[in-house]
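Protein chains: 2
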Amino acid sequence: MAMNGAESLVRTMVGAGVDVSFTNPGTSEMHFVAALDRVDGMRCVLCLFEGGATGAADGYARMAEKPAATLLHLGPGMANGLANIHNAKRARSPMVNVVGEHALHHRRYDAPLTTDIEALARPLSHWVRTGSSSRTIAQDGADAIYAANVAPGQIATLILPADTAWGEGSGAVAVRKPRARAKVADDVVRAIAKIVTEKSGVMLMLAGVALREKPMNDAARIAAKTECRLMAPGANARVERGVGRFAIDRVPYPVDLAVERLKDVRHMVLVGAKPPVGFFGYPGKPSAMTHPDCAFHVLADEDEDLADALARLADEIGAPKAAPAAPITARPDLPTTTKLDPDSIGQTLGALLPEGAIVCDESVTTGRNFFAMTKNAPKHDWLQLCGGAIGEGIPMATGAAVSCPDRRVVNLQADGSGMYTLQCLWTQARENLNVLTLIWANRSYAILRGELMHVGAENPGRKAHDMLSLDNPPLDWVALAKGMGVEGTRVETPQDLAKAMQGALRRSGPYLIEVLI
Amino acid sequence: MAMNGAESLVRTMVGAGVDVSFTNPGTSEMHFVAALDRVDGMRCVLCLFEGGATGAADGYARMAEKPAATLLHLGPGMANGLANIHNAKRARSPMVNVVGEHALHHRRYDAPLTTDIEALARPLSHWVRTGSSSRTIAQDGADAIYAANVAPGQIATLILPADTAWGEGSGAVAVRKPRARAKVADDVVRAIAKIVTEKSGVMLMLAGVALREKPMNDAARIAAKTECRLMAPGANARVERGVGRFAIDRVPYPVDLAVERLKDVRHMVLVGAKPPVGFFGYPGKPSAMTHPDCAFHVLADEDEDLADALARLADEIGAPKAAPAAPITARPDLPTTTKLDPDSIGQTLGALLPEGAIVCDESVTTGRNFFAMTKNAPKHDWLQLCGGAIGEGIPMATGAAVSCPDRRVVNLQADGSGMYTLQCLWTQARENLNVLTLIWANRSYAILRGELMHVGAENPGRKAHDMLSLDNPPLDWVALAKGMGVEGTRVETPQDLAKAMQGALRRSGPYLIEVLI
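Just so you know, the protein sequences line up as chains A and B, in that order.
Taking this note's numbering, the leading residue of the first sequence gets 3, the next gets one more, and so forth.
Taking this note's numbering, the leading residue of the second sequence gets 3, the next gets one more, and so forth.
Next up, chain A with everything else stripped away, as it sits in the complex (with noise of 0.2 Å):
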């Protein structure tokens, strides 16, 4: 028989570059399952829900700088891959879903698993389609590649009816280039030149990919010539940091603080990035986190070549061909204290954080002063839930990992969000992923203790305690972590801290370790 449609499809792919995919298989992706088996060149890995697979697919395409494919099962799977597809689609992640469906004959007898997947998928997708024929689903494919593509990063759903796979296919077509990010007009870099220069009370809000080292470079040679200042949103998909590089600050998550960071900002100059605002809305406080006078004015939108823009403002105001040296400031010391809280995790991070690390960072309260501790550490690239929606770290640190197989991950990770995709721990294990996840055991919701305070109901009850704490029973990761094939261990010093951590650094494949505070 000829080529079926699955084949030409995986084939289209492989071609493309589209070689890695995170699976959740199920019936009606059979076919697919045996073209990936046969067609050389498209690694599976397999993750035990679809919330992993598509957070991995996440992490996979920041490092990678392109998209993974994903494999999930019906409308059930494309919801239970949805909440990190949205923080995919946040962080501008590049990503091909491929979803299957009821062959199309069997659609109208509403079997048990149907549901309308279009519906579901198209809120959190840039692009949808559903396959009409075996013929045509390689194109639909190279279609979807393609819109994965477009700059700054697009969610492309395919959605596979059996028989489109089952029946017979067209063989590989070839996808489109990605085209080239358009570059900003000349006369925009002239008109940011004037503020950045004349105007006081300037600052770059830095986002996406001007978060590189060689365009944070050009942003601090613009800095060094203006009195402007440098910022980056609170969470970013990719930042590359560490000594010799721009140590660029966030706006803080608290929005008491991000306003008083902000408070003098009369023009804010956005470089793919949007104006910064509230994570939530508050009784009495406001949405904008900038001063109601400020100005905002767009050097570059998220799509468009943000390091070129860069480069030539700083050439059109005169900045020196260099950044000047970052100042050389040692790595901190181990600590000395014997509490385990934020500040000593910090240190110790800061201490130990090896060359080319890829830091998945959902510590979310814990880890609020790791961004300012770490960064002197040696280079190495952070990585942030972009969407807010918990549950991304363990999958991120995961796609990450298979993106870079020669680099260390680095997982930080809060107890509560762990739990929502902990499955991925045994794809680490299953595919000897270097991955080490700290899990800080604070046993509850720490952030909704603090939202509970901060909308007003001060003195919580025991429900309302019973519904934000972890602690009864206290989840024990080690075990959970055993239960999935990857070791661990569990520290309550900053000293016990930096001795596993030393000793996990040195060892292949995954590890755990699970911090008491």
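In short, the hints are calculated from the structure, not lab data.
Keep in mind that the hints are not guaranteed to be accurate.
The list treats identical chains as interchangeable, and a pair is accepted whether it falls inside one copy or across any two copies.
Stated by the list, open to error - Here are the simulated lysine-lysine pairs, DSS-like style, with alpha carbons at most 30 Å apart:
| no. | residue 1 | residue 2 |
| --- | --- | --- |
| 1 | Lys-276 | Lys-323 |
| 2 | Lys-179 | Lys-501 |
| 3 | Lys-465 | Lys-68 |
Let chain A serve as the given structure and place chain B on it in line with the hints.
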């Protein structure tokens, strides 16, 4: 201050008997949490993942015959709960989802967690509304509860902007009583009476609440008077069964078996049921499980009074007032074989299932003979996965146990499916629920191995094999349970299984047995 919107809403719910909430709150729900705290009469059950909360609400509703509430956090929280909402929708369970949302004034700022929640909710909800004012939110809640209770049970989703919770409310409002199920017209009963008495090859397909003791008894009266057969769909929300009750058979899952079992049926009378169709479509196999010449006749739609219709039909044809006594057949003895397989497990279940057990069955492949082998156990209820979205067993058992604290819940759980929502084990420990979880550790997606054959991919290679295998590394369910505060043990013989079950059934609180097969 006057009662706020949140407290008005909670008091409305409690007043209407919606007094259990499976919660997974976030910041935007903090005023609602504070209100839950202040109002007596609402039991809050914390789940560590939203799919746990929605699956538990389904299990609760099936046993309590009234809706539970869920509390979910914004669009991603809704998304995480959707797969089990789909299952509940297919089970026709009533459910009231309360989904937190940004304050109305905050929405336009497109903060990271902003999504179109209505769009996410609508494909799997019967009723969706976004609150518009704290003054009317309690009435919105009353409308949601009324909608949930419309027969045969509906999914109602109320989106709760934070300011409608914190602003001044209306106080509690009354909820209209659920309206009674409509009676079937006399001429319909008479028409069906002619069919069951005059035609041959007649089958009554009973579904929904027709699968309770009394209506099944009336169906058995009809069968005793005529030559018609009785059957139930493959998956059902709740079947009342065990010694002294009619032992109804179900349509088998595999297409070939189902077609064989139904091949002589020429007149199918639907009692709350739909025509039986294949779970999936396959190349060259039919979607309808019935013979092409089979005619369908509706005695009652799923929202009509099924029990009344069956009783009247039995009377109409002059059936004996009492159904024939079910044959007295002893429950099986414990198996003597030392081989642990689906047969010896089924026999053990048949021998040990206690009186009043609530069986939550997500056995998938392992359990296809369990139904037959337990029919002579003492009276019990059997609850199944109705929507086919795996990952409902552990949550469903949790909710059923919350609903019926004096009964024993036995969760028959496939391992691959169990991994989707294992977090509910923690809730079982926290609430000290009487749930015995039996994990069928075949360490594979066994159903998919069969399916790969069905679709004609007979010789899977290593990659396909790997995508369907969970044995590398093996999951250690005893460790996973321990990590969430649930004790457990692993068994490898039927004798050890029996001993472990007997021990577990004597204790209070949750217990897990990993059954290596």
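Q) Hint numbers the structure violates, sorted upward? A) 2
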